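There are 2 protein chains.
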Amino acid sequence: MKVTLPKNLLAEQIALLERVIPSRSSNPLLTYAGLAAGPESLVLFGSNGEVDLEIRLPARVQGEGAYLVPSQPFFQLVRSLPGDEAVLSVEKELLLSSGRFTTRLSLAPVEGYPELLFPEPGGPSEAFPLQAKVSAGDLLRLLTQVRYAASNEEYRAIFRGVQLEFSEGGLRAVASDGYRLALSQLPKPQPFVKKAVVPARSADEVVRALKALGEGEVALALGPGTLGLAMRGESAEVRMAVRLMEGEFPDYEKVIPKDFPLRVRLEVDPFREALRRVSVLSDRQNHRVDLLFQEGRALLSAEGDYGKGQEEVAVAMEGTPMGLATTPATSWRPWLPWRERPSWR
Amino acid sequence: MKVTLPKNLLAEQIALLERVIPSRSSNPLLTYAGLAAGPESLVLFGSNGEVDLEIRLPARVQGEGAYLVPSQPFFQLVRSLPGDEAVLSVEKELLLSSGRFTTRLSLAPVEGYPELLFPEPGGPSEAFPLQAKVSAGDLLRLLTQVRYAASNEEYRAIFRGVQLEFSEGGLRAVASDGYRLALSQLPKPQPFVKKAVVPARSADEVVRALKALGEGEVALALGPGTLGLAMRGESAEVRMAVRLMEGEFPDYEKVIPKDFPLRVRLEVDPFREALRRVSVLSDRQNHRVDLLFQEGRALLSAEGDYGKGQEEVAVAMEGTPMGLATTPATSWRPWLPWRERPSWR
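Chains as they are written, first to last, in my numbering: chain A, 1 to 345; chain B, 1001 to 1345.
Incorrect hints may appear among the rest.
[As the list claims (entries may be wrong)] No farther apart than 25 Å at their CA atoms in a straight line, the calculated lysine-lysine pairs in the DSS-like style are these:
1. K308(A) x K1092(B)
2. K92(A) x K188(A)
3. K1092(B) x K1195(B)
4. K308(A) x K1195(B)
5. K254(A) x K211(A)
6. K308(A) x K1194(B)
7. K1308(B) x K92(A)
8. K195(A) x K133(A)
9. K1195(B) x K1133(B)
10. K1188(B) x K1133(B)
11. K1211(B) x K1188(B)
12. K1133(B) x K2(A)
13. K1308(B) x K7(A)
14. K1308(B) x K1211(B)
15. K92(A) x K194(A)
16. K2(A) x K92(A)
17. K254(A) x K133(A)
18. K1007(B) x K1133(B)
Keep in mind the hints are simulated off the structure, nothing from the lab.
Computed from a predicted model, the values in this text were never measured in an experiment.
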């Protein structure tokens, strides 16, 4: 097998794979990157046991085969190759050459490497019987708008994931840590009804892949315990398979208030900057910042050991003036009721 | 005391001070930043006990006084001020305002803060009786060319510094860890003969100040156990006082060979890149890379668990072809003879 492709293309596209492949693993084979010859393409693959990733790059290919190469030296070398083209020749070893530089890397056989199953971009497959299409930008927005609200605690493990809900009403993403909840909905009818909870860390890898790909359509597929993605970027085709969490979120809709006494519309950037400045002075124990909404203004103020800061931001108000305080999650009273009565305590 | 100055000027110039002032210290006063009114200038000062720093910024000033302000919230606030100008008004507290933002920061009295002594840019002073002038660029080059060779080991503490040697022959900087030695000489006669060893970490702060200042002349001054610097940049005057190490380097000149069987001239960047690539494959224990100089070429090669890499670089040679191996300092035989017989072992 001999593969020739632009060095920059290879160097750019391995970044996604490099994040997924672990530098250490209880299964040492997972520290390897997979190389395979495809039709006029080089296929790179890897897995951390939670996220499987496959990247297909256009290349001139002679022969066939699939091999495992030690990922760390391979990635390091590819990034620093001197020439415009990279040539990968596989015999007993991988001969990687570019410009004046030549190196031999030892290979491991693919036997023993876990079988990676990816969805077919064209439609449902045996491994992924459910499939929906969504634009990369929409999916990116859904995930990033809720991701921050996911929990980092071991307790109530399900909250360490982002729930995707496919239904006739659209595609919804929800995340919560039991104190706060973020929900984002894409009002586009989905071809099936299903809930799937993606571990937040795996959602981060999906977000990175979506960002790297830019515009385009994503095939979102569901198989047993697995979310699959297939997407085609300008210069690469990427497929992912993400292990799902078991179970689903408790019924969060009943804790979302139906009526609000006050609605405030404000410009995000000035408000964020003001909040950042004022919070510098907040007490280092509770990080409390007071917000007072009245007469078309938000008054932000904080007071701590070092002094007192305050700032005003213009807002559009609808409803009753009111004051409240923002404090970090740890000092909040849980507002999702099931956090108040953990059954096992 | 009331000081008004451009917010960006203040925000840029505090970066140097922010690096020097410690976030924690056995003397809590050292975690404060000093503010003082100067003639048409704001004077900021701070110290970590090893490096004292003073920055003088042009400003509109009313009244006088010197105060200590908690450095961390002060620096954070200054960086994020919304307006074009920053106004610092001191009464019982510091009132810092800019645009729509106002904050009060508590102050500490300067009584109890260590007295900081800096050289006078105009010439020798009582605290700094010896003074020489050097261009900022030359001093920066001297320090950065040798700094890497300084030791990180506790043993032979003097090697954890960079030795500056003032003499009629010029200004020289030397650093060594006992295995390797770097020497850089500015062939400009100095007005006095003296050796001074600057702790490598303090040399790093001097390097940062020189980089921030750009072109210009530096007054280098020596006082008892102290190196002083005074320099004027485009928008700020900076003065430093650096605690020197006691003692001086052993006689290193006798271990520098007088004759070399081979001299090689090569282009740095291609050689460095080649070395970087080839060393990816080097054994992870000894990091050995072999260099063979012959027939106008340097052949770089390395071999380790993952494979073998090699690359050639064109060089200009004078003398006898030879091969050698680069390995990390820890596996070198000491070539400064006093390392071979540590008297206390």
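Status of each hint after checking the structure:
Between K308(A) and K1092(B) the CA atoms are separated by roughly 13 Å; this keeps the pair inside 25 Å, and the hint holds. Distance restraint check for K92(A) and K188(A): the Cα-Cα separation of roughly 51 Å exceeds the 25 Å cut-off, and the hinted pair is therefore not satisfied. The suggested pairing of K1092(B) with K1195(B) is violated, with an alpha-carbon distance near 46 Å, which exceeds 25 Å. Restraint check: the Cα-Cα separation between K308(A) and K1195(B) comes to about 50 Å, which exceeds 25 Å; the hinted pair is violated.
For the given pair, K254(A) sits about 34 Å from K211(A) by alpha-carbon distance, which is inconsistent with the 25 Å threshold. Proposed proximity of K308(A) and K1194(B) is contradicted: the alpha carbons are some 51 Å apart, above 25 Å. Taken as a hint, the K1308(B) and K92(A) pair is honoured in the structure, with Cα atoms around 13 Å apart against an allowance of 25 Å. Taking the CA atoms of K195(A) and K133(A), the gap is about 16 Å. The hint holds against a cut of 25 Å.
The suggested pairing of K1195(B) with K1133(B) holds, with an alpha-carbon distance near 16 Å, which does not exceed 25 Å. Restraint check for K1188(B) and K1133(B): satisfied, since their Cα atoms lie roughly 10 Å apart, inside the 25 Å limit. As the CA atoms of K1211(B) and K1188(B) are separated by approximately 21 Å, the hinted pair is consistent with the 25 Å bound. Of the supplied pair hints, the one linking K1133(B) and K2(A) is violated, its CA atoms being roughly 62 Å apart against a limit of 25 Å.
About 20 Å separates the Cα atoms of K1308(B) and K7(A), which keeps this hinted pair within 25 Å; it holds. Taking the CA atoms of K1308(B) and K1211(B), the gap is about 40 Å. The hint is violated against a cut of 25 Å. Annotation: proposed proximity of K92(A) to K194(A) is violated, straight-line Cα distance about 47 Å (limit 25 Å). Distance check on the hinted pair: K2(A) and K92(A) sit about 12 Å apart at the alpha-carbon level, within 25 Å; holds.
Annotation: proposed proximity of K254(A) to K133(A) is violated, straight-line Cα distance about 30 Å (limit 25 Å). Between the alpha carbons of K1007(B) and K1133(B) the distance comes to roughly 32 Å, so the proposed pair goes past 25 Å and is violated.
Consistency note: the structure conflicts with the earlier hints numbered 2, 3, 4, 5, 6, 12, 14, 15, 17, 18.
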